[in-house]
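A.B. asks: Residues per chain, in single letters:
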Amino acid sequence: MTVPDETVNSIITIATQKLTGSLSGTFDFANTNEALAILSQRFALGVCFGHPDAISYIEKGVASHMRICYSTTDDRSWSYTDYPSEPLLSCAAAHRLHQNHSNLTHALTVLKAKVDGGMFEIGQSGELTSRLLLLIAKDIYVRKDHDISKDSYIRARGSDDDNYWKAELIDCQKVSVIHFLAHLFGDSFWSQAGDTAKELFKHAYINFSHWVPMDGMISPGPEVRYGSVHCRQVFLIYCHTATDAPRQSGLCATGIAQARSNAAISSHSSTR
Amino acid sequence: MIPIYFDDPSLGRDDMAHVSQIFISDKAGKYSSERDLGFISRTHPSIDCLSPLPFIALLLDLNGEPKLNVSFPEMEPRHPETDRCLRIYASGLSEITFPFLFPYCGEKNVLPLLQSFISKPKEPSSNDRLHALVKYGSTVDAAHMRWEAHHQHVE
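First to last, the protein sequences are chains H and G.
With this note's numbering applied, the first sequence covers 1 to 272.
With this note's numbering applied, the second sequence covers 1 to 155.
To be clear, the hints were calculated from the coordinates, so they are not data collected in a lab.
Some hints here could point you the wrong way.
To be verified - If we take Cβ atoms under 10 Å as the criterion, some of the chain H residues that face chain G in the derived model are:
no., residue
1, His101
2, Ser125
3, Gly126
4, Leu128
5, Asp187
6, Trp190
7, Lys202
8, Met214
Quick caveat, the model's predicted, so the values are computed rather than measured.
Even for Gly, the Cβ is constructed at its ideal location relative to N, Cα and C.
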């Protein structure tokens, strides 16, 4: 079967155009909304609703940058918005973010200006940095042997490799835990961890393309939590400790401000 | 939390039997939080993700000095309550702890940008703060005392 190279690329192109709100094939450095849309879809940016530009940013996101309004209050004075957990959209965002080496710097510079202006939350314990660090690490890992200016997919290998629909998006491939941790922390990582650990994780893979904010605890019901998601294997969850003393859980607690704000009360749009 | 999938046919057909997790705890305090790494447990009611598969606990102490400490208890019994955990303490957001960032320190400027998201304004010391707050009560020179005495006299 002949492989129409444009098929996968054209889908990614359309997704990128919808996300950036632009037909341009390259990053528009003058358009801050484009950078924020790309980052918001993947890194779960928390908006500070007291900021004077917050509402217009969210309205613009819904109107032109694939942000979705998933609920309103009965009187429609408040709307709840966020980015959809959609791996294809994340792949499009990742492709644009790493299309050339200056795009990532540009996008983070835009975000830095907005954070300094008080429009986005960084978290009490470096949560934003942590989300950026881990996902960018994985982005860089999957692009190590891939020409970043080229396609955002790789062909499947194997007996059925003439089927172009078996092409795999580079940001949705499974990544060996052993290789990823060695990439993240350096080649000496597994010599510290030991051969037993390396042997136990030899079949372990991760596969994620974006963060999903979560309000509440990871438990109960892991089937519900990952059931629908794990078949696509492309997400991460974050939640927040309410205090800086997670001595009991070490990780998650309930009723956290940022997770709620990500769920997002956005605007008084109908009354303005 | 990042899900881990064990692609091992011997675990059976049920996908959920293949799932484990990486639990990540973020810290950006003034002091080391390394001890907190040992408290991460998936048996805690807020997590409750029991599985016989090994999992990973990662504590990112972003404001600390560069340090990487990895431990995996060789003799831990295989039991859901005390199951096997690869514990990673990664301190300091730098190319020393995270070598993949090394090419992104210079012209590309990514590392300083990431660092800037955790830096908070330097707070005054507690002495400076106290001094500033009680400053108005320290006006004890002659002119002030005379005014005070007069004020009391009028009352």
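A.B. asks: Now, for every hint given, state plainly whether the structure supports it.
C.D. replies: Hints, one by one, checked against the model:
| no. | hint | verdict |
| --- | --- | --- |
| 1 | His101 | holds (6 Å) |
| 2 | Ser125 | holds (4 Å) |
| 3 | Gly126 | holds (3 Å) |
| 4 | Leu128 | holds (5 Å) |
| 5 | Asp187 | holds (8 Å) |
| 6 | Trp190 | holds (9 Å) |
| 7 | Lys202 | holds (9 Å) |
| 8 | Met214 | holds (8 Å) |
In summary, this structure violates none of the numbered hints.
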